[in-house]
Amino acid sequence: MSVSSDDVRHIARLARLDLTDEEVERFRLELSTILGYVEQLEALEAGRAAEPAAPDHPLRSDAVEAWEDLTPLREAAPDLVDGYFRVPRVIE
Amino acid sequence: MRHAPRTAVELAAAVRAGNATAAEAVGEAFLRIRQADSLHAFLSLREEAAREEAAAVDRRIAAGEGDELLLAGVPVAVKDNIAVAGGPTTCGSRLLQHYVSPFDATAIAQLRAAGAIVVGKTNLDEFAMGSSTENSAFGPTRNPHDPTRVAGGSSGGSVAAVAAGCVPLGLGSETGGSVRQPAAFCGAVGVKPTYGRVSRFGLVAFGSSLDQIGTIGATVDDAALLLSVVAGPDPKDATSATEPVGDLAAGLEEADPAGLRIGWPAEYFGAGLEPAILAACEAARDRLADAGAEIVDVSLPHSPYGIAVYYTVAIAEASSNLARYDGVRYGHRATAADLTSMYLKTRAAFGAELKRRIMLGTYVLSAGYYEAFYGKGTAVRARIRGDFERAFERVDAILSPTTPTPAFPIGEKADDPLAMYLNDVYTVSANLAGIPAISLPWGRTPATADRPALPIGIQLMGPDFSERRLFEVGRFLERESPDA
Amino acid sequence: MREPAAPAGAWEPVIGLEVHVQLATASKIFCGCATAYGAPPNTQICPICLGYPGALPVLNAGAVELAARAALALGCEVHPRSIFARKHYFYPDLPKGYQISQYDRPLATGGALAIRLDDGSAKSIGITRVHLEEDAGKSTHGADGTRVDFNRCGLPLIEVVSEPDLASPREAFLYLSALKRSLEYLAVSDCNMEEGSLRCDANVSLRPRGESRLGTKTEVKNVNSFRYVEAALAFEIERQAAILERGEAVVHETLLWDAGRGEARAMRSKELSHDYRYFPEPDLEPLDLDAAWLAEIREGLPEGPAARADRFVEAYGLPEYDAGVLTATRPLADWFEAAAAAFDDPKEVSNWVMGEVLRLANERGETVALAPEPRPLAPAALAQLLALKAAGTISGSVAKEVLAEMVETGTGAAEIVRERGLAQVSDAAALAAEVDAVIAAHPGEVAAFRGGKQGLIGFFMGQVMKRTGGQANPQLVNALLRQKLAG
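Residue numbers (our numbering), protein chains in the order written: chain A, 1 to 92; chain B, 1001 to 1484; chain C, 2001 to 2487.
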């Protein structure tokens, strides 16, 4: 099946991937090949996906269990300011 | 190497009995790891922590509390996509190169409770996506039998560490065969449990409805012992199975294959399978028949579609699971003036295979394509499962090759992603169906002018929660194999 | 702020509301972090709600119960099985890059909420669906970047989607008020728009009056009060009407309400291409609800606000107005009933609750409630005060003073009256003597009163009060004066 460059750029945007023109073309070819391979499923009579099995895992009861040590979570932040995780401006 | 390393079963028993210490075992492991350094099996070692933990185990033994430590003093290699608190969990990726996990995976907590010692984190294809460990951002892992060849993937590091005798046990992960395939390539035992058998809490997600932590050992007894320690329901994982674990590891050698029905799947013995590997399967089949097992022809008609289904369903889930790597809360963040640029530049650090899979998965889920790809993929997946359910009405286990070919040279398949994907043709169906499967070493391919003798792996698959039976048959075959 | 425009004559507005309601659970929907409002930033977080590698969600049973309660009370069909789904988009306050929500298999569908229009008539607003999902964190945009607080991330939400049955901004306001009261009554949520526990996105389109097909709709977001919802809708209706009047077409877009300027502005169109790529959440099992359990919840549903008001009229003989005020919130209604149970004059209790009790609570910045502590005081304490008044021990005006002190100090009515010697004199003989004395002292006024100046009764009352230090029982004094002056 053929995937267009526009398709590739659109998908890359959805996935927040920055592709060079060369990468766009390379992925276009690779995706076309792989999706072409996957397309063989189309011919199969398969009906609908099975309804998932009945759940057997109990739900969690509504009780507070605070995470004991928040320090590593804050220290992992690439940019923590006044207790907030900061990121560059969202351009609205 | 000076002498053959002890198995986990032997070592744990010796440590419990006071005939060996955890400290010695760990010390020896680090020596062997250093000697095998050129394989690049490990990404990080936790020597200081391991020695402290070993000392603690030795203190407990001395205090008479050793009886319940099933893995007392046993060094374990852990794939670097399984969270070990306080140290790196890089997933073989630049996105998490400096990331330190604040928590242990449940399986790791279980290891600690059993007295095992995690000595280091092992190499893998980036985020477990690959079949050769060549997709690691930090270089490939080499096959201990031939360092010009891949160790297999994605759990190449853990398998190489065990196959090279550095440690008796390894933990890996399976989504499409990532423990069994490298086990076959390196001549080790690799186990994929039933989906839900082992908690996924702390296993960095790839294909959430397929992922399982798998166990690796040089022997069936060892791989089974490790599974018995990490298996079990977990309140932190809503997909973990509530099925009781039972005894997976004791007395495996006493089991007798007489009366068992072993399935021989037609679709697995066609074109593309190396003759030596076919011969290995036939030899194993014949040993079972000689011992009184009944060999039954079975058909798994949807097998040829396994890869196609995998590359819709699993990859869709993968692209979703990778969305969280955005540089906001942890891990790598690229400098940028605005948010969109930050996302783009940060995620540019994914390797090529990752980008390919993210693109593919996003495409499969995108508007207009969901029904044709993901929808169809999940429907065919149910058919694959149905094939196995029908077969298991007539047989107790299915025997097949693990891979169509032995380990290939590093770099050989790098430019042909589809060819790489087709490596998984025999392993992927078990992940899609959720059933357990193990790979056992069975001799070598013949040495030729172009190629040294390379390990062969044969595979056993069974119905849900039949790991014990697979271990029993595997234990028998291990005795009968050319390597015994 | 601009005044909402008059309804655009030839055009009929069609409005639907999507309301997100935070459920009043103790812990988050998929992890054990606390949900309390107002904590310092990023102090109620963990690897699960922060989307760490290897973290997994586990569903909170309390959230399921509250969601089911809400869905049942809104008359929905609660489905025995519903399925969670991942909704993908990138935003800094969405850690996993997807929100766990429900898509094509929601918790409940097909309900309705009755609202009372300004003309007194009732209108039923359809509810399309109610589903469970997790909240995102809170982003604050500044010059140096966007700051994110993940305390809110992972709070349980239900999304309540109405049918496009609302015909005006005013109806939208009434619908929101009714929804808030209903959910508050169920103790499902605080429904506090200022604190963000209730948020609303509005969809509006116009069509020619009488036309059944729907026009192109726009979505207005970022409206954080009911009044703003009304104003934003009015603004948007006017804007769309002007476009249609010019013969142009309305563009389907999302707008952000700017309360400061009183206008809605379109978001950049690039942000709009949301392909959420929904697929079933593989980390969670399907949510199966037991029929017996649902029946139990349905049975245990507390009385809704409308039913309660009706019952107040019936059972307590209260006027509709009183019933309406007293059932404005469930804690207030509970408080009233507790007091009415302790004092046998519901109208008297009603007057005091609607009057002094509410006033004192407001002054102190409290809301009238029984839990976690009775505020502004215990209902039984009010009952004791009213008993003293009924017995004639204190007058109404003294009772007001005593109540204020009771609320201030927490002391009981009887003790205050005793300590401050406030018991009024109701001894008829003693009062008769005072009345006689006053009459004797003011012959001129007595003559004027008897001559027709009935208003002088106030003068005589004042004199008796002065002589008794304000402690004479005024009703008795009045009766005695009239009796003796008639003499």
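One or more hints might be untrue.
List of simulated lysine to aspartate or glutamate pairs, EDC-like, C-alpha gap at most 20 Å [unchecked claim]:
hint: 1; chain 1: B; residue 1: Lys1236; chain 2: C; residue 2: Glu2285
hint: 2; chain 1: B; residue 1: Lys1345; chain 2: A; residue 2: Asp69
hint: 3; chain 1: C; residue 1: Lys2138; chain 2: B; residue 2: Asp1415
hint: 4; chain 1: C; residue 1: Lys2221; chain 2: C; residue 2: Glu2163
hint: 5; chain 1: C; residue 1: Lys2087; chain 2: B; residue 2: Glu1371
hint: 6; chain 1: C; residue 1: Lys2087; chain 2: C; residue 2: Asp2119
hint: 7; chain 1: B; residue 1: Lys1236; chain 2: A; residue 2: Glu23
hint: 8; chain 1: C; residue 1: Lys2217; chain 2: C; residue 2: Asp2165
hint: 9; chain 1: C; residue 1: Lys2087; chain 2: C; residue 2: Asp2165
hint: 10; chain 1: B; residue 1: Lys1345; chain 2: C; residue 2: Glu2419
hint: 11; chain 1: C; residue 1: Lys2347; chain 2: C; residue 2: Glu2366
hint: 12; chain 1: B; residue 1: Lys1236; chain 2: A; residue 2: Asp69
hint: 13; chain 1: C; residue 1: Lys2221; chain 2: C; residue 2: Glu2248
Derived, one-sided and incomplete: chain C residues facing chain B with beta-carbon distance under 8 Å [as the list claims (entries may be wrong)]:
hint: 14; residue: Gly2054
hint: 15; residue: Arg2086
hint: 16; residue: Lys2087
hint: 17; residue: Thr2146
hint: 18; residue: Leu2174
FYI, nobody ran anything at the bench for these hints, they're computed from the structure.
Beta carbons are placed, not taken as given, at the ideal position from N, Cα and C, and that holds for glycine.
A quick look at each hint next to the structure:
1. Lys1236(B) - Glu2285(C): Holds: Lys1236(B) and Glu2285(C) sit about 13 Å apart, inside 20 Å.
2. Lys1345(B) - Asp69(A): This hinted pair is violated, its Cα atoms lying about 31 Å apart.
3. Lys2138(C) - Asp1415(B): Status violated; Cα separation ~44 Å.
4. Lys2221(C) - Glu2163(C): Answer holds: Lys2221(C) to Glu2163(C) is near 18 Å, not above 20 Å.
5. Lys2087(C) - Glu1371(B): At roughly 16 Å apart (the allowed maximum being 20 Å), Glu1371(B) and Lys2087(C) satisfy the hint.
6. Lys2087(C) - Asp2119(C): This hinted pair is violated, its Cα atoms lying about 42 Å apart.
7. Lys1236(B) - Glu23(A): Violated. Lys1236(B) to Glu23(A) sits at ~40 Å, over the 20 Å cutoff.
8. Lys2217(C) - Asp2165(C): Roughly 14 Å between the alpha carbons, so the hint for Lys2217(C) and Asp2165(C) holds.
9. Lys2087(C) - Asp2165(C): violated (27 Å)
10. Lys1345(B) - Glu2419(C): It is violated: about 76 Å lies between the C-alpha atoms, which goes past 20 Å.
11. Lys2347(C) - Glu2366(C): Distance of about 24 Å is beyond 20 Å: violated.
12. Lys1236(B) - Asp69(A): holds (18 Å)
13. Lys2221(C) - Glu2248(C): violated (24 Å)
14. Gly2054: At about 4 Å, which falls below the 8 Å cut-off, the nearest Cβ of chain B leaves the hint on Gly2054(C) intact, so it holds.
15. Arg2086: For Arg2086(C), the interface hint holds, since the closest Cβ of chain B sits about 6 Å away, which is under 8 Å.
16. Lys2087: violated (10 Å)
17. Thr2146: holds (7 Å)
18. Leu2174: violated (36 Å)
Going down the numbered hints, you'll see the structure goes against 2, 3, 6, 7, 9, 10, 11, 13, 16 and 18, while the others check out.
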